[in-house]
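Student: Input sequences plus hints: build the corresponding full structure.
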Amino acid sequence: MIRRIIKAAARGIRNELSAGQSGWVDADSATSVAAGYTSTSGSVVNPATAMTVSAAWDCVKKHSQAIASLPMAVYERQSDGGKKRIEPDLAEILTVSPNTGQTAVDYWEGMSAQTALRGNGYSEKLFIGKRVVGMRPLFNVTPERQADGSFRYLIIDRGRKSYMPADKVFHMRGFGSGDGLGLSAIKYGANAMGAALSADEVAGKTFSEGLMASGVLQSEQTLDDKQREQLQDLLQKYRGSKNVGKLLTLEAGLSYQQLQLNPEDAQLLETRRFNVEDVCRWFGVPPIVIGHSAEGQTMWGSGVEAIMLSWLTLGINPQLKKLEAQIRKDLIPIGRRRRWFVEFNREALLQMDSAAKAEFLSKMASSATMTGNERRAKLNLPPHDAPEADQLLAQGAMLPIQDLGKGEQ
372 MIRRIIKAAA
382 RGIRNELSAG
392 QSGWVDADSA
402 TSVAAGYTST
412 SGSVVNPATA
422 MTVSAAWDCV
432 KKHSQAIASL
442 PMAVYERQSD
452 GGKKRIEPDL
462 AEILTVSPNT
472 GQTAVDYWEG
482 MSAQTALRGN
492 GYSEKLFIGK
502 RVVGMRPLFN
512 VTPERQADGS
522 FRYLIIDRGR
532 KSYMPADKVF
542 HMRGFGSGDG
552 LGLSAIKYGA
562 NAMGAALSAD
572 EVAGKTFSEG
582 LMASGVLQSE
592 QTLDDKQREQ
602 LQDLLQKYRG
612 SKNVGKLLTL
622 EAGLSYQQLQ
632 LNPEDAQLLE
642 TRRFNVEDVC
652 RWFGVPPIVI
662 GHSAEGQTMW
672 GSGVEAIMLS
682 WLTLGINPQL
692 KKLEAQIRKD
702 LIPIGRRRRW
712 FVEFNREALL
722 QMDSAAKAEF
732 LSKMASSATM
742 TGNERRAKLN
752 LPPHDAPEAD
762 QLLAQGAMLP
772 IQDLGKGEQ
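For my numbering, count along the sequence shown from 1 and bump the result up by 371.
Be aware that one or more of the hints could be misleading.
As a list, the in silico DSS-like pairs of lysine-lysine whose alpha-carbon atoms are at most 25 Å apart [claimed, not checked]:
1) Lys558 - Lys433
2) Lys433 - Lys693
3) Lys496 - Lys749
4) Lys455 - Lys749
5) Lys692 - Lys496
6) Lys597 - Lys608
7) Lys501 - Lys734
8) Lys692 - Lys455
9) Lys613 - Lys558
10) Lys692 - Lys454
11) Lys700 - Lys455
12) Lys693 - Lys432
13) Lys532 - Lys496
14) Lys433 - Lys692
15) Lys728 - Lys455
16) Lys692 - Lys432
17) Lys496 - Lys700
Quick list of the computed label-pair ranges, beta carbon to beta carbon [unchecked claim]:
18) Ser733 - Ala444: 21 to 27 Å
19) Val415 - Gly547: 19 to 25 Å
20) Phe498 - Gly547: 27 to 33 Å
21) Met679 - Ala444: 23 to 29 Å
22) Gly547 - Gly452: 29 to 35 Å
23) Tyr534 - Ala739: 54 to 60 Å
24) Lys728 - Ala444: 15 to 21 Å
25) Arg710 - Gly530: 42 to 48 Å
Calculated directly from the structure, the hints in this document are not laboratory data.
Glycine included, C-beta positions come from ideal geometry on N, C-alpha and C.
Tutor: Here it is in structure tokens:
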């Protein structure tokens with residue numbers, strides 16, 4: 372009954388919008404997303420229920436934390452093709468404090484989580500005059516495409532509806548934004564997450580409501596009520612760890628048979644293992660990242676390193692590219708877009724791998740790509756005052772064969 376009421380309310384809001392407004396709704400409304408999608412297993416999947424699945428929780432967590440933890444900076448392109456880091460007001464908004472209640476890490480973590488779950492994340496751009504001075508996250512947002520192709524955004528806040536034009540909203544998009552909107556993993560992955568929810572529910576009910584006796588006493592004789600009570604009192608003397616090893620004497624034809632509950636049946640281990648991998652697939656996170664290894668796979672080794680690199684390359688980097696492009700389009704002033712741009716420091720992903728970091732810096736030195744002080748900066752070390760520290764150096768071991776031995780006296 373409640374589900375039918377929620378669906379009816381969602382339909383009513385959509386009908387009201389389509390009848391009373393010139394635009395049309397291009398994405399699932401905030402009401403329908405909150406109400407959820409009914410999976411083939413019968414479970415209702417929405418952002419709140421999906422996050423009760425441990426695999427979904429950790430996928431969203433790892434994805435959003437990886438993006439939020441990367442350093443970001445605003446750069447200006449130079450005439451020689453290089454770039455120079457600059458510190459306009461926008462840099463402080465993006466990297467330090469987007470609003471009075473959040474740090475930049477909190478903000479980007481939340482926006483990335485919303486995008487991973489719903490396909491889209493929204494923020495209100497705060498202005499003083501025409502200058503952007505902050506960004507405030509928005510929830511319960513429904514984008515509507517107008518006749519000219521632009522969006523306007525319906526916001527439902529404490530039961531009241533209001534609209535914001537596109538130039539006042541920072542719209543962060545996930546995968547599949549060919550029509551200007553990201554695709555929701557909650558909607559399209561409802562069956563996979565619904566199956567995981569149902570498996571968890573079945574496993575929980577097995578332990579809470581199933582027959583969990585450790586064993587039974589059998590007898591060919593019929594016991595009266597008093598004998599059963601005496602037998603129960605007898606068995607109480609052999610319960611608990613302090614009575615381990617005691618011998619139980621049975622008489623009157625009684626025999627004891629132990630009951631065993633198959634843990635694979637009780638916890639649906641194979642089903643739940645598959646569900647973890649299926650949920651990871653929807654969020655584009657390798658199972659090893661959330662602590663789930665395949666049969667026979669270890670949690671360490673070169674194979675795992677290759678998987679992690681693949682995730683960073685194919686999972687994290689595409690979202691970073693989309694975010695950089697969206698910031699440039701929506702937040703950098705029009706007159707500065709040709710020269711200003713925002714960039715995440717992908718190299719920070721190597722910070723935890725000292726061997727990879729050392730190899731990278733060694734190659735940058737031997738190929739005359741980075742000076743000594745540039746390499747020291749990558750390690751957060753102060754610059755060295757030696758003149759050679761600001762020079763590009765190269766190895767001179769490779770010489771033309773006719774020059775071998777020259778200069779040696």
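Student: Compare the structure with each hint and give your call.
Tutor: Consistency of the hints with the structure:
no.	hint	result
1	Lys558 - Lys433	holds, 21 Å
2	Lys433 - Lys693	holds, 18 Å
3	Lys496 - Lys749	violated, 33 Å
4	Lys455 - Lys749	holds, 16 Å
5	Lys692 - Lys496	holds, 21 Å
6	Lys597 - Lys608	holds, 18 Å
7	Lys501 - Lys734	violated, 46 Å
8	Lys692 - Lys455	holds, 19 Å
9	Lys613 - Lys558	violated, 53 Å
10	Lys692 - Lys454	holds, 17 Å
11	Lys700 - Lys455	holds, 20 Å
12	Lys693 - Lys432	holds, 19 Å
13	Lys532 - Lys496	holds, 18 Å
14	Lys433 - Lys692	holds, 18 Å
15	Lys728 - Lys455	holds, 23 Å
16	Lys692 - Lys432	holds, 20 Å
17	Lys496 - Lys700	holds, 13 Å
18	Ser733 - Ala444: 21 to 27 Å	holds, 25 Å
19	Val415 - Gly547: 19 to 25 Å	holds, 23 Å
20	Phe498 - Gly547: 27 to 33 Å	holds, 30 Å
21	Met679 - Ala444: 23 to 29 Å	holds, 24 Å
22	Gly547 - Gly452: 29 to 35 Å	holds, 34 Å
23	Tyr534 - Ala739: 54 to 60 Å	holds, 56 Å
24	Lys728 - Ala444: 15 to 21 Å	holds, 19 Å
25	Arg710 - Gly530: 42 to 48 Å	holds, 45 Å
The structure is inconsistent with the numbered hints 3, 7 and 9, although it conforms to all the rest.
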